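Produce the complete structure using the sequences and hints provided.
Residue numbers (numbering that gives the first Met the number 0), protein chains in the order written: chain A, 0 to 104; chain B, 0 to 564; chain C, 0 to 98.
Derived by calculation from the structure, the hints in this document are not laboratory data. Note that the structure is a prediction, hence the values are computed from the model and not measured. Heads up, the beta-carbon is just placed ideally off N, CA and C, and yes, glycines get one too. Wrong hints could be hidden among the right ones.
[Unchecked claim] Straight-line C-alpha distance at most 20 Å; calculated EDC-like pairs for lysine to aspartate or glutamate:
1) A/Lys8 x B/Glu20
2) C/Lys18 x B/Asp318
3) C/Lys84 x C/Asp44
4) B/Lys184 x B/Asp254
5) B/Lys297 x C/Glu92
6) B/Lys30 x A/Glu24
7) B/Lys362 x B/Asp325
8) B/Lys362 x B/Glu329
[What the hints assert, rightly or not] Chain C is nowhere near these chain B residues, computed Cβ spacing over 10 Å in every case:
9) Ile36
10) Glu224
11) Gln257
12) Lys274
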Amino acid sequence: MKEMIQQLKDLLGDDFSTLVKAYDEDNRAILDSLGGLIKSGQSEEVARQIHSLKGASANIGAENLSQTCQTLEHNARAGDLSDAPELLATIQSQFEEAVTLLKEA
Amino acid sequence: MKILIAEDNATDRLILKKLVEQQGHEVVEAKNGKEAIEKYSSELPGIVLLDVIMPEADGFEVAKFIKLNYDALYTPIIFITSLTETEFLVKCIESGGDDFFTKPFNRIVLQAKIDAFIRAKNLYQTVVKQKQEIELYSEHLVQEQRVAKQIFDNVAHKGALEEAYISYSVSALSIFNGDILLAAKRPLGGVNVLLGDFTGHGLPASIGALPVSDIFYSMTTKGFELFEIISKLNERLHSILPTGFFCCAILAEIDFEQNSLTFWNGGLPDAYLIKRKSGELLELPSSHLPLGIVENDKYDINIDMMAFEDGDSIFIYSDGVIEAEDDRGEMFGRDNLVLALLNGVSEGKSFDSVSQAIKSHSKGSSQGDDITFLEVRNHFEDQTYSPDEVEQVQVKSGPSDSSINLFLGPQSLKSYNPMPMLFDMLMEIGNLRSYRTPLFTILTELYSNSLEHGILKLSSSLKRSADGFAEYYRLREARLDALKDGYVKIAISHADLADGGMLTIHFEDSGEGFDYKSVENIKDDSKLSGRGYPLIYKLADSVVFDNNGSTVTIKFRWYSTGKPQ
Amino acid sequence: MAVTSNASGNELTIKVNGKFDFSCHQEFRSSYEGSDSRPEKYIVDLGETSYLDSSALGMLLLLRDYAGGDSAQIHIKNCSPEIKKILSISNFEQLFDVS
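Structural data, given as structure tokens:
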């Protein structure tokens with residue numbers, strides 16, 4: 000992930016901080032809404048939201064996070080939210096790690 | 000190139016924007032589908048990078064909108080997706096997507112895709128531009144051809160083609176196939192026809208057709224003989240056509256009164272003389288080089304004369320007739336042509352029979368544009384010489400108080416035809432143009448009497464039979480060729496009168512004269528063809544012979560009102 | 000190659016295979032314009048020619064011009080009856096030695 004972050008810093012220059020801010024805020028909002036969506040069983044909307052997080056995370060090089068998102072998205076798309084709360088917990092902690100790495104960079 | 004990025008996730012949008020900008024392109028951003036449609040319509044970007052899942056209209060809807068409304072702009076649409084399920088990819092393609100770009104973004108892959116689409120787009124635009132240019136050019140060409148056709152039709156007008164005794168078929172754009180068909184009435188009665196087929200097609204052929212038409216019409220109207228017209232045509236075409244281009248042609252002169260056909264074929268397929276009485280077809284093959292290949296002094300202009308009797312007709316055609324193909328590419332062919340001609344002979348409907356046969360042969364085939372054929376039938380020509388419509392002309396106009404004296408020695412008699420020159424001059428005087436037909440008849444009859452009967456001692460009785468006719472012209476040529484001495488003197492003078500004028504025409508030849516008293520006695524019997532004098536008696540105001548008939552003076556009175564006396 | 004040519008001594012033989020029409024215009028022309036020395040005599044061999052149209056007649060006239068016009072020595076040989084007929088309708092025997 001560090002390698003990817005360096006590439007992004009080179010690419011974005013001053014805008015890198017914008018990227019960090021956008022990634023943090025947008026996706027935190029997604030994560031905040033996911034708990035409720037899972038509880039109310041809106042699997043389609045869960046898949047939709049997590050899809051967005053998955054793409055962005057892949058793009059900043061957070062491969063583990065992106066993988067977990069992929070699993071949740073796949074299950075949600077199939078209407079299966081049985082593992083969703085545990086997966087969401089993993090995703091949240093992986094997200095915090097990613098954000099920390101970004102902010103340190 | 001301006002590139003639209005439609006992506007709802009700010010992280011992805013920002014990274015993509017930077018990647019695209021790094022490659023030197025201008026970026027337009029949209030955060031959702033609705034904004035993407037608005038930005039596309041206002042900015043008209045060259046390429047669209049489109050996320051599939053977005054709020055407010057997803058990527059599929061945006062793609063469909065662009066393809067539906069801006070298809071002609073050929074905007075490549077690249078879907079940004081991390082979806083790998085086949086059904087999603089199919090949906091992307093169906094909604095108008097051209098390619099995919101997956102997350103995580105790869106700079107090299109993106110660059111390759113964008114560059115490839117720019118090349119494709121440039122190629123597409125070049126093709127579109129060329130297509131438009133070609134369309135425009137083609138439109139111009141059609142327009143030019145239309146105008147050219149109008150000009151051509153004015154010069155190569157139909158002439159006498161619409162006469163009842165002529166049937167013809169030419170395709171609407173035949174000039175661009177190199178065919179030309181002309182017919183003109185001769186001032187003395189009868190008709191000249193010309194069918195020409197230029198090598199090549201299109202412009203060169205139609206340009207060559209213009210002088211042909213011009214020469215043919217003006218020389219026929221002025222009364223030049225067929226061989227003189229051919230000679231002039233060859234000379235002109237030889238000087239203007241580049242080597243390798245030429246004109247195959249048939250020229251024919253038909254004299255309905257003398258029942259004769261004068262015929263020349265240079266390079267066209269055999270024409271046919273159709274003898275209705277006997278049901279025979281006589282082939283009239285090409286026996287000369289086409290026009291425009293060699294210089295006049297190496298050009299053989301031997302014309303054939305033959306009888307053209309009541310019921311006879313002549314059929315002339317260009318290659319296109321026998322080469323007309325049916326839907327299997329089979330040519331119509333000479334045998335079918337002859338068959339069709341023979342089928343129509345007994346009813347005198349050979350032309351219709353051929354038309355019908357070609358039509359049914361080439362049915363279903365697109366070909367058939369350069370088919371030209373013509374039939375001229377013998378008919379009775381009414382020689383009443385009613386003057387043409389009169390123009391209001393001053394009495395004293397042109398060389399109205401002039402006289403002309405012409406002496407023609409043996410060399411001139413052999414190779415020079417004085418009629419066009421004399422006729423040209425007379426046509427300038429007052430209102431004589433309205434009397435062109437009778438005047439031309441008088442002059443021509445007097446001249447041929449002096450030359451053929453007076454000097455060459457040919458007997459006009461020969462001309463009464465078909466065989467004798469050919470013999471007459473054979474002898475005429477042989478004796479003219481051998482002529483060592485002899486002359487014809489022509490004196491024409493004109494005097495103005497209050498309401499018109501009086502023309503005096505005097506002919507004198509070196510021959511022995513003839514029994515003119517017998518002519519004077521039969522002058523009222525127009526049926527006899529004794530030396531054409533009955534006709535002259537009918538047309539002239541007075542005819543006076545002298546010197547045993549070797550001189551003759553006629554007077555011709557004309558009126559400014561154009562009314563016959 | 001529809002048109003082949005072969006120089007031997009003072010003679011140049013030009014052979015046309017298949018259709019002799021406008022499509023071999025360029026080839027026919029370069030078959031005689033290409034040679035360095037001017038041959039005295041030209042032989043056009045139409046033995047393998049299946050078809051001949053009026054543009055071919057034009058090309059023959061161009062060759063005749065090139066070969067000296069009225070003084071050109073051109074022998075058109077091995078003509079099939081159909082090809083001979085086309086040449087004779089145009090009376091090209093007056094300009095070429097046809098056999």
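Hint-by-hint comparison with the structure:
1. A/Lys8 x B/Glu20: Satisfied, since the Cα-Cα distance of roughly 15 Å is no more than 20 Å.
2. C/Lys18 x B/Asp318: 18 Å, holds
3. C/Lys84 x C/Asp44: Holds, at about 16 Å.
4. B/Lys184 x B/Asp254: Within the cut-off at roughly 10 Å; holds.
5. B/Lys297 x C/Glu92: 14 Å, holds
6. B/Lys30 x A/Glu24: Between B/Lys30 and A/Glu24 the Cα gap is close to 16 Å, so the pair holds against 20 Å.
7. B/Lys362 x B/Asp325: 7 Å, holds
8. B/Lys362 x B/Glu329: Answer holds: B/Lys362 to B/Glu329 is near 12 Å, not above 20 Å.
9. Ile36: 54 Å, holds
10. Glu224: 22 Å, holds
11. Gln257: The assertion about B/Gln257 holds, with a minimum of 29 Å to chain C.
12. Lys274: The assertion about B/Lys274 holds, with a minimum of 23 Å to chain C.
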